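Chemist: What follows is each chain in one-letter form.
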Amino acid sequence: MSIRVLFFASLADIAGTRETSLDAAGFPDVKSVFEKFTRDFPSFEGYRSSVLFSLNSEFARPGTPVKDGDEIAFFPPVSGG
Amino acid sequence: MSIRVLFFASLADIAGTRETSLDAAGFPDVKSVFEKFTRDFPSFEGYRSSVLFSLNSEFARPGTPVKDGDEIAFFPPVSGG
Amino acid sequence: MYLLTRECIDTKSIADKLKKPEDGAFVLFEGIVRNNSEGKSVRFLEYDGYESMALKKLEELGDRARRQFEIRDVAIVHRLGHMEIGECSVVIAISSAHRGPAFDACRFIIDTLKEIVPIWKKEFYEDGEVWIEGPK
Amino acid sequence: MYLLTRECIDTKSIADKLKKPEDGAFVLFEGIVRNNSEGKSVRFLEYDGYESMALKKLEELGDRARRQFEIRDVAIVHRLGHMEIGECSVVIAISSAHRGPAFDACRFIIDTLKEIVPIWKKEFYEDGEVWIEGPK
Chain A
8 MSIRVLFFAS
18 LADIAGTRET
28 SLDAAGFPDV
38 KSVFEKFTRD
48 FPSFEGYRSS
58 VLFSLNSEFA
68 RPGTPVKDGD
78 EIAFFPPVSG
88 G
Chain B
8 MSIRVLFFAS
18 LADIAGTRET
28 SLDAAGFPDV
38 KSVFEKFTRD
48 FPSFEGYRSS
58 VLFSLNSEFA
68 RPGTPVKDGD
78 EIAFFPPVSG
88 G
Chain C
7 MYLLTRECID
17 TKSIADKLKK
27 PEDGAFVLFE
37 GIVRNNSEGK
47 SVRFLEYDGY
57 ESMALKKLEE
67 LGDRARRQFE
77 IRDVAIVHRL
87 GHMEIGECSV
97 VIAISSAHRG
107 PAFDACRFII
117 DTLKEIVPIW
127 KKEFYEDGEV
137 WIEGPK
Chain D
7 MYLLTRECID
17 TKSIADKLKK
27 PEDGAFVLFE
37 GIVRNNSEGK
47 SVRFLEYDGY
57 ESMALKKLEE
67 LGDRARRQFE
77 IRDVAIVHRL
87 GHMEIGECSV
97 VIAISSAHRG
107 PAFDACRFII
117 DTLKEIVPIW
127 KKEFYEDGEV
137 WIEGPK
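Protein chains in written order, with this note's numbering: chain A, 8 to 88; chain B, 8 to 88; chain C, 7 to 142; chain D, 7 to 142.
Just so you know, these hints were derived from the structure itself, not from any lab.
Just to be clear, a hint being listed does not mean it is correct.
List of simulated lysine to any residue pairs, SDA-like, C-alpha gap at most 25 Å [claimed, not checked]:
(1) D:Lys120 x A:Lys74
(2) D:Lys62 x D:Met7
(3) D:Lys23 x C:Asp16
(4) A:Lys74 x D:Ser58
Here's a subset of chain C near chain D, in silico, CB distances under 7 Å, partners left out [to be verified]:
(5) Lys23
(6) Gly30
(7) Phe32
(8) Val33
(9) Phe35
(10) Ile91
(11) Gly92
(12) Asp110
What you are looking at is a predicted structure, and each value in this text was computed from that prediction instead of being measured.
All C-beta atoms in this analysis are idealised placements derived from N, C-alpha and C, irrespective of residue type, glycine included.
All chains, please: the whole structure from these sequences, using the hints.
Modeler: Rendered as C-alpha cells:
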C-alpha cells in the first residue's frame, strides 16, 4: 500500500505528471507530503499560500493525517463554471 | 370620430364584448367613461376599487382627460407570466 | 426580441438567436403551466392579452432592464390562448458578459411583467373556471 | 442529474428531463465561452477537472440547494476538455413550483460551484496560454 498523489492544472504542469505515488512512511500529514514535492519541484514554493489540499476527495487542512491507501490531491484555487 | 373602449378578462365577460365605441361628448375623463359602463353593467361596481385604466396603451388615472379618437381600456389587475 | 405568440414557445431558437461571442452568461426563466393552483387541480389555462399594450410594455421592460443592469441583450416572449399543463407561458432570456446582472435583470423582468403587462390568466378546473386577477 | 462530460452540453434535453407537471418555474444558467477575458482576445478554452471529487461536489451542491431552497429538482452539468467560443461550459437548471427559490438556488449553485468544485480553466490567446486560478 502507498499514498496516491494527484496534481491538477498548473501544479500538474510543474510536476510534469498528474499522478504519482509515495510510501506513506515518514509522511504523517498532508503538509509533509506537500513539503516533499516542494523539494522535488521548487516552483511549488510559489503556491504555498494558495494551494488547496484534498484527502480522499474532501478538502483537507495541512495538518490532516494521512495513511496508506489515501488519495491526496494538490491544486490551485478552482476556476470552473 | 369617437372613443374606442376595450374590456378584458372578467370585464369582457361581464360586458359580453371586448370592444365598443362611444361618442366622446359628455365624457371629459376616463372615470366618466367607467361610470357610464357601470350604469350599463352593474357588476362593474365590484371592480371599482381594483379596475385599471389605460388610455392609448398607457396606464391612466381616473382623471386623465379623453378626446375623440382615443382608445380606452378597462381591465382587472394583471395575472400574466 | 419581444413577441406575443399563440404557438408553443421555442426556447432553443430564442436562446440561439440571443447569444453572441462576447457573452459569458446566459440566464433563462420559463413560466410553466402547473397542474395545481392553491390546492386545486388545474386542467389547462387560457391567457388573454391586450396585445398592442402588452407588446409595448414588454419592449419598455426590456429597455428598462438594459439601462438598469449591465446586460447585452434581452428576449421576452409571452404566449396567449390555450395552454396545456407543462407548456411554457412565458420565456425571458438574458445574455451578458457576467452572470450577476443577468440574474438580476431576469428576475426584475419577470417580477415587473407580473405587475404591469396587461395579460390575464384563466384557470380551468374539473368543476369550473376562474379568471385570476393580480399576481400570485 | 449531475454530470461531467467532454461533449457539447444538450441544454434542451436536460430541461426536458427535469420538468414535471407540478413545476411552475424553470430557471437556467449557462456559462458560455467568451471571446475575451480582461481585455485579451481568447481563441478557445480548456477545462481540467479532478473528476471524482468534482462530481461528488456537484452532488453535494445540489443536495444543499434542495435543502436550503424550496425547489423540486436540480441538474448540474459541467463540460471538460477543449471548448470553442460560444460553447457552453456549464449548465445549471432548476425546476420548482415558484420562481423565487429557483432563482436563489440557481445563483447559489453557480456562485458556490466557482468556489469549491475542483475544475480549472485554461485560456488560450494568440500569444500564449494561461491557467486561471481562482474565480473571476
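Chemist: Next, verify each hint and record whether it holds.
Modeler: Hints, verified against the model:
no., hint, in the structure
1, D:Lys120 x A:Lys74, "30 Å, violated"
2, D:Lys62 x D:Met7, "12 Å, holds"
3, D:Lys23 x C:Asp16, "16 Å, holds"
4, A:Lys74 x D:Ser58, "20 Å, holds"
5, Lys23, "13 Å, violated"
6, Gly30, "4 Å, holds"
7, Phe32, "4 Å, holds"
8, Val33, "6 Å, holds"
9, Phe35, "6 Å, holds"
10, Ile91, "5 Å, holds"
11, Gly92, "5 Å, holds"
12, Asp110, "9 Å, violated"
In this structure, the hints that do not hold are numbers 1, 5, 12, in rising order.
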